[in-house]
Every structure is written in structure tokens, then in C-alpha cells.
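J.: As they're listed, the protein sequences go chains A and B. Anchor point for the first sequence: position 197 equals 419 in the numbering used here, and the numbering is continuous, going up by one each time. Anchor point for the second sequence: position 208 equals 430 in the numbering used here, and the numbering is continuous, going up by one each time.
To be clear, the hints were calculated from the coordinates, so they are not data collected in a lab. Computed from a prediction, not measured in an experiment: that's the story for all the values here. All clues given are correct.
Within a straight-line C-alpha distance of at most 25 Å, the following computed SDA-like cross-link-like pairs (lysine to any residue) qualify:
id : chain 1 : residue 1 : chain 2 : residue 2
1  : A       : Lys551    : A       : Val457
2  : B       : Lys320    : A       : Asn330
3  : A       : Lys320    : A       : His391
4  : B       : Lys320    : A       : Gln334
5  : B       : Lys320    : A       : Arg327
6  : B       : Lys320    : A       : Asp323
Rough simulated footprint, nothing fancy, chain B against chain A, three-plus residues with beta-carbon under 8 Å:
id : segment
7  : 223-236
8  : 252-258
9  : 264-274
10 : 321-329
11 : 371-382
12 : 592-601
All C-beta atoms, glycine included, are put in the ideal place defined by N, C-alpha and C.
Protein chains: 2
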Amino acid sequence: MDVLLLDRHNYHLFQPLLYQVATGSLEQEIVAAPLRRLFRRGSGVRFRLTEVRHVDLSARRVITDSGPVDYDYLILAAGSVTNFFGREEFRRNAHDLKGLDDAVRLRNQLMQAFERAAQVLDASERDRSLTFVIVGGGPTGVEFAGALAELSRQLIARDYPELAGAAAHVLLVESLPHLLSPFPAPLREYALRRLRAIGVDVQLNASVRAAANGRVILEDGREIETRTVVWAAGVSATPLAASLNVSKNRNGRIAVRPDLSLTEHSEVFVVGDMAYLEQDGAPLPQLAPVAMQAGRHAAHVILDRARGRSASPRPGQVRAGRPFRYRDKGSAAVIGRGSAVFRFGGVGASITGFVAWVLWLGLHLLYLVGFRNRVLALLDWGFEYLRFDAQVRLITSDSERTG
Amino acid sequence: MDVLLLDRHNYHLFQPLLYQVATGSLEQEIVAAPLRRLFRRGSGVRFRLTEVRHVDLSARRVITDSGPVDYDYLILAAGSVTNFFGREEFRRNAHDLKGLDDAVRLRNQLMQAFERAAQVLDASERDRSLTFVIVGGGPTGVEFAGALAELSRQLIARDYPELAGAAAHVLLVESLPHLLSPFPAPLREYALRRLRAIGVDVQLNASVRAAANGRVILEDGREIETRTVVWAAGVSATPLAASLNVSKNRNGRIAVRPDLSLTEHSEVFVVGDMAYLEQDGAPLPQLAPVAMQAGRHAAHVILDRARGRSASPRPGQVRAGRPFRYRDKGSAAVIGRGSAVFRFGGVGASITGFVAWVLWLGLHLLYLVGFRNRVLALLDWGFEYLRFDAQVRLITSDSERTG
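The shape of chain A in the complex, shown without the other chains (with noise of 0.2 Å):
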């Protein structure tokens, strides 16, 4: 069995951490393993680093910058971007958390806003360069914010005296009426009251009509001055997803059967932030652990195939494999040092605060790739948390989007 790695990066990033990157927290280096040492000595698995641009079904070739691929069996793992809504003008003028670049332009930003509004003498525009929306209270949005109001009082406090007595404005625009939308209510009231304790300015049941010239138009029609907009406000099917002629849901995920499989195309499975399948009754979430699963159960119903064990009832068709299902074990976001929540799949419960905080800082440095990105988290985190300060301060390019 051959199998071959195609990604357009060079590296598996971890992305729930990745809004740490963005505050500083990692230097980006821990959340990217690169792909070639992953799979190293007889691993069976070969890597090209090339640009997927389409998929011939009907040929079982995939096209990509570097060539033409035939396959046997395919696995579609691209995931998915950032959702603007479609709308241009969000794309252009917000950062997303997305892609490793990403986040380091992130980081660049903040920094940059920092040290501009240490510099300009005018009152209103160091409130703008002090002024961060963040568009969406889902995880990322909770968690990048909880993490930027904690940033923004270490800089201030310690590093720009300038800003003596100024202080930062961390907006989070939530479109429903409730922050973490995945958690039970408890858990999300937690979230909201801890944010709003570290200083985050929560506005629920509030969207964004508009977002240019350093400004930002809330429906309501509330005006915020701004120089840094981020958008957390969900995902979208991949492009390459798009331009494949299968049937997709509303969000342009591909349905795929039971076994993760096309109907169309046995040979082909689809896994990740890019499928679509609903389980009692309700579509399974775009989460790495979800992905992570697929990816496996995948693995498993080619294997079952390449060896037979689901041998064909008639010439030319193929049985269904084993029926994917997905094992909750639970999920956490952070709010802030010491401070996260916690739900546990399955039994339902749920804890907040300093043991659910730890159990996340646990749980995190077990799914890092590498044993050396651990014993680096756990560095960075021990400092950061006995010291109260950020690592990661470099201003390493000029990349400013102004919102």
C-alpha cells in the first residue's frame, strides 16, 4: 500500500492553539509540526508539498500545481476557511485566525497598535489604535479575546508607560443571544461574567453591517472607532470543495454516506471540516476531534476494503463500510488565566474555573505533535504564568491591515 501526503504547507498545524500565537502566548514554531518527520522512518507514507486544485472523479486523478496523481482510494481532509459572509470588504479589512500566517500578521498587528498609540499625541486616534473588535463568541472568539485583554493590561502596565492610565477596548460581537454556542448554559454564563470580569466589552445579539476606514458599523447602528477588526465568526467549505460536482449542504460541506464514503464515488471519502453527515439527528460539528476520528474510521474502512473483508455483494458495486460515530469526549474553551470551562462528553457534566483550566492546559500539551512542542508549551505557559507576561512581543514584518 502506497499512500501519499498532499498538503500546500509543509507542516500540521494545531489550530486550537493558534490564537495564542496571535497574543504571543507560542511562539508559532510549537504549533506546526513538520509533515516529513511525522512520517519518517517506514511509515509507508510518502509527502509532496503541492496545491490541490482539483479532483477528476471520474478519472480518479487528482490535479494539482505539480502534476497529475492518480489514486485508488482518495481522502478529501482539506477543512475550511474562514466564513466573511461573502462579503469582500470583511475579508480585506479583518484578520482571521485560520493559517499560521495568520496568526503571526495577528500578532504583528497588536503589537504595531500598540506602539502606535504610544506615539500619536492625538487622544482619539490612540483610543482607535486601543480599540480590538472581535467578530464572534464562539471558542476562538471567547478565547482570543479573554487572552487580548489579558495582554493588553501586561503591555500596559509594563511595557509602555506612555499608556499610563489608558487602557484597551476588547470588543466581542456575538450575533446571538449567548457566547459558546456548543455549551451547556452554564458554562456559557461562566464565560460571559469571567469576560466581562477581565474587562472584555461582551455585546450580544449584536452583528457587523460594515467594517472599513478604521471604523466599524454595528446593525444597531453604533459606531466604533477602530484600527484592528478579527473575524471569529465561523467557517466555510474549502474552494476546492466548490468546484466538486457532488452534493453538498447549505454550507457547501460534501454529504457523505454513513462510512464517510461518496455515494457516487465508493473510492472517494471525505473527512473533516469538509463533510457533512448527521448523527441522531443532528450534523456533526467542524472539530478536530471530529476530523480527527474521520480520519481514522476512513483509514480503517479502506483498509477493511484493501483486504477484502467487504468483498463486493455484486460485480461492480461495493459494500458500505462500517457506519461512522462520533464519541463526544467533551470540549473546553479558555476565558483567562486560571479560567476555562470544561464540558465532559457523554455524562453530561461540566465543571469552570481553576481545575477546568488545568485539565485544558493538560489535555492541549497531550495533542501537540512532538515531544519537543510540549516540553516548549510547557515552558512558555510555566513562564507566562509565573511571571504574568507574554512571551512573543517580535513586530517581525509590515503587514497592517487597517479595519
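Use these hints to put chain B onto chain A, whose structure you have.
T.: Frame of chain A, contents of chain B only:
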């Protein structure tokens, strides 16, 4: 006393380890220390992130991107830029190793070259991708060439099964008849032997006539097909020096009096690579230890004057400060894993090999700014030494230059 530090970067860069960022041994964050953190509690130093455009010496005013700054005393320490000998073609087609962005760009280029070599079907294009030309056999060129030869061997043996049997061609071009000019002859010869032993193709008495379109042409007519040219052939004065109407030497360095001040403007001091001063009949070298000692000296001269210890002999005149004297404590260069050359200052002794390498490691750890960076560098070097494995292999953006 009010001290204002102007810099166009928000970090202090430890240039001697920059080549290790380029070859993936160290994360970029380790060699860059945020300036605002260095000058925090009660240091009396303010910082402003800005680019200095010009100095109006007669008005005692620095013109910056964020407005003018008046001064009583000025210390110019803007360093040097890579010397491309006025050849726009070299500047455009070659990588250099002066700034943090240069090092990251070069690392991206190296990793992309290996990825391309692994994909192309044409053998000559594969060889071109695996050919790396380094121009300049000073410490930077030697250290980078040695590290690249070792990195290439690691990568081909472990990460690129597609390249089994292939070998990278690391070519080091030096116009003098020996490497490492500042070092005594036995050390130069040791470095040459060691570099050749680890597979570096060292060409002495050779210089580059042209570099473009995937090809380098030497003065003797030889042509080398390559996609990566690294320029380490020396430095020249920063453009800021050129803009000042004061006496300069041939290389554009600003001539200073023995106390490091300007003849025409005794309130202006120049230190580091920008300054030109002779000691015992020879110009002081453009090295970090000279710059560090000169910086301290200029500060002391200013403090003495400010405290009235060098009262003016005549009204309107300033007595010159104590003359600066560089104390050469030695210098070192790493050739490869477990081997270095180390010249002690003063006594004239020197050592080579493993002990020199350990000394080099220890000293560079000490000179790294910040406890945390030292811990991380030690970890990186430890991991790499034990596992023969460079740490950082990310391609973080598409920033390719083709030489």
C-alpha cells in the same frame, strides 16, 4: 537624564546566531529580544519604534518617520548593511543574513529547494535545486556553509527518501587565498580542512562575476547552476551614514575621535559598525564585541560630561573624553557539529575542535539576552546534538528568490 532609544525594529537582534535561524537550528524568537522588555522597570530608558530618516547635526535634531526628536547628546549605532558592491543584480538575486526576516526567508528558500528537488523529474533541475552557493568565506559564510552541509545530509538521509543517493552541493566562494581572514593561519587551515571533510566545496581565490537566471558565473568563467545564492561577502555602512555630511573612510564608515565623538560635533557619538577608528595602526573590526564595548564607552563619556567631570577648558569648547580602547577578548567560529576554532585575545593562544566548540556554545548562550532564550537555545542545541536533527523546518511563506 532622559534616554530615548529609537529603532525600526521592536527587538534587539543577536546577529551572530542568525545563521542558525536560517538553517533551522533555532527559532527566530530566541535570537530576538523585545526592547521594551529589556528596558522595563525604572530603567530610565524610553523606546520608540520608528525609522530614522536623517540627522540635522547643526539643529541637533533627529528626523524620524514619527516626527523630529531634539537631543543634547546623540549616539549613532545604526550598524551596517550587506555589501553587494553596488551590484543591483546581486542584491536582487541573492539572500543575505543581516536581519531576522532575511534569516526566515533563507530558511524558507532552503526548505523549498529540497521540496522542489524531491518533486522534479529532470535530473539537472534537481541538481540545480540542491546546489547552494555561498559568497564570502568570513565567519558568517563559514558557519552558514558548515551548518547547511550538515543540514542537507540530515534532510536527505531522513526526511527525503525521494532524494536517496543524491547529495547537496554546498559551494563556498572566497576571493582571498584563505578562509576566515581575521583568524591566525593554523585556525584558517583547520577550518578549511574541516569544511571540506563535511562536504563543503570550498573555492579559494574565486569570486563571482554574475548571478542571475538560476546560474552563478565565477570570474574564471566557470558556471554553476543554482537556485540559491547566499551573500556573505561583507558589510558596508548603513545609508544613514551616507546621508550625514561628516568625514568618512573609504567604506563609508564615519571617522570618530578617540573618545568616539565627532570632531565637528562633540555631542554626537558613533559606535559599532558605523564608526571608523584606528587602534595600534589598524582599523577596529566591525564586530559585535567592538560595538558593545564602544557603546559602554560612549555612555561613560556622556555621563562624565553631564556630571561636569570634563569641564570645558575654554567657553564653548568641550574637552575630549577618555580615549576608547578595544579589549580583544578573542573570537570564534563554528565549523560544524563538535568542531570550532577559538582564538583567545591578548595572549595569542588558540584552540580548535571539540573543546573550542563547547566554549563557543557556552559563550553564545551567555550572550543571548534573557534567561528564557538561554533555556530554549540550550534545549534546541541539546535536542539537535542528541538526535542530529535540526528543529525548525517550516516553510512559513512563499518568498522565493531564484538566483
